[in-house]
Amino acid sequence: MEGATPTETMIVASARHLAGERVCFVGIGPPNIACNLARRTVAPDLELVYEAGVFGAVPERLPLSIGDPSLVTGATSVCSMFELFAYYLQGGLVDVAFLSGSQIDRFGNLNTTVIGDYSSPKVRLPGSGGACEIAINAHKVFVIMPQSTRTFVEKIDFRTSPGHLTGKRPAHWGAGPSVVVTGLGMYEFDDDSGEMCLTNLHPGVSLDDVQQATSWELRVGDHVSETPAPTEQELRVMREQLDPQGIYTRGG
Amino acid sequence: MSAAVADLVRDGDVVAIEGFTHLICFAAGHEIIRQRKRDLTLARLTPDVVYDQMIAAGVCKKLVFSWMGNPGVGSLHAIRRRVERADPAPLELEEYSHFGMVGRYMAGASKLPFWPLRSYYESDLPTVNPRIIEISSPYGDETVYAVPPLNPDVAIVHVQRASSGGDAQVWGLLGCQKEVAFAADRVVVVCEELVDDAVVRSDPNRTVIPGLIVDAVVVEPRACHPSYAQGYYDRDNRFYVEWDKIARDSARLSEWLDDWVYSLSSHQDYVAKLGEERWAQLTPTERWSQPVNYGRYD
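First to last, the protein sequences are chains A and B.
So in the numbering used here, the last one in the first sequence is 252, and the numbering has no gaps at all.
So in the numbering used here, the last one in the second sequence is 1298, and the numbering has no gaps at all.
Derived from the structure by calculation, the hints contain no laboratory data.
Since the structure is predicted, the reported quantities are computational estimates derived from the model, not experimental observations.
Ideal placement from N, C-alpha and C gives every residue a C-beta, glycine not left out.
Fair warning: there could be bad hints in the mix.
Short derived list, chain B residues pointing at chain A, Cβ under 7 Å [to be verified]:
#	residue
1	Arg1080
2	Tyr1121
3	Cys1176
4	Gln1230
5	Gln1290
Here are the computed distance ranges between Cβ atoms for each label pair [claimed, not checked]:
#	chain 1	residue 1	chain 2	residue 2	range
6	B	Gln1268	A	Pro203	54 to 60 Å
7	B	Ser1137	A	Lys140	22 to 28 Å
8	A	Gly167	B	Gly1058	31 to 37 Å
9	B	Arg1238	A	Asp192	47 to 53 Å
10	A	Gly91	B	Gly1165	58 to 64 Å
11	A	Thr149	B	Pro1138	21 to 27 Å
12	A	Thr76	B	Ser1202	23 to 29 Å
13	B	Asp1269	A	Lys140	49 to 55 Å
14	B	Ser1002	A	Thr166	38 to 44 Å
15	B	Lys1245	A	Thr149	48 to 54 Å
Construct all of the structure, not just a fragment, from the sequences and the given hints.
So this is what it looks like as structure tokens:
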């Protein structure tokens, strides 16, 4: 089988982080594939929550959108969006949520609103969707996004979803971003400084590569390990079942 | 549909065609375009392709939303042209998060002055939208954010089945169909099937909108394409992917509007033009729920 693309490695590494998790709030795009991959590999008991109002989704095909009919058929519960956000998310039932963004800073604050100035943007991005309340209320957040100097920036143009702010979050919020997975490596956040810290390099990626793709001077953990390459089984599930047209996984 | 839109949608109105991915009434959007309504404020959590089409057609001056994209595909290019380059005209934006928009409908439906939620802390959203306001709890030190009620002039809500009196039943993703209907001044229910009152009464838990608040019932099967109606037809993901290419090019988009909206007289023409083969591909196999016993208490 052909080797993994950076995007595929990113998705597989994110999926593996869901081992042992129970209730997972699924976002659109790569997180959608990662969560469904996890349910078919390392986390068969994972309860998938979709903001459209689904708890315990068991989609038989990869939903292109996060409002697909396959999320409903066979699910444990379908509820109003109000109930989903108020009772499940704000009520504290979500263990982990996946978020993505167009820009992230060293403290895990995310921008999905605009590139450039808000009132005359260079690029108008989708906006918050549920991300702002998810970032605040989920017990923890996994971030999954491509890495380059355009995405890993010193200062984000707009703070859509708060991460570790400038170092510390209020104690009564969820714990915030705990892991960032990119096409190059993985990061965790330092407990004291709230700053992103490299923990893993994906196969074939050097320390220099990740620094070149980061706009600030990257903190590097004491023990940086190499991410185990995606297995044949993980690649097969992703390519044959979840994204047969390669819409997400073979872009990067 | 033509009569309902002519009677109930007026230039300058705040219009909400809701439905979260599911039950988005594209046929109503197309009819609004055909009738060349103007200066509308369009509200929806996710503007989706339907508002990209309406905004490209020039019916809208302002958009109230929480996530603008082509779900699973990318951008809404007609909207982006207007926001980024005022091409061909500027578009005013009023932006919330999903929970904020849901809260706005909740406040609107329940005649409250605001809805409180735990969101927006340390986000830049309140700085660009002064209607999102931090307030103190009257019972302690805590603060929450308030969003104002949203009471659309018109809500257009698609449902699977309704009685002629407008009692409407939905299954699958519920989105904000119920909340937007109760919040709106005028309500149009569009249904896949018109059913006897007895069918509605056989399963009252499934009724999300009572005819009491409904101004018009339109029977318009397959009105959601390329969105979907659970159990009736699938989401046409191919169309959403194709729309990305169409909408990137404003000339191609205009051509699409000519071919699929302006030159057709009704949604029945659209359904026929799409062709039976496509509809066959979009028809799911059956999976019925188990009936429940409500009991007789006479």
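Point to revise | Ascending list of hint numbers which this structure does not respect | key: Hints 5, 8, 10, 11, 14 and 15 not satisfied by this model.
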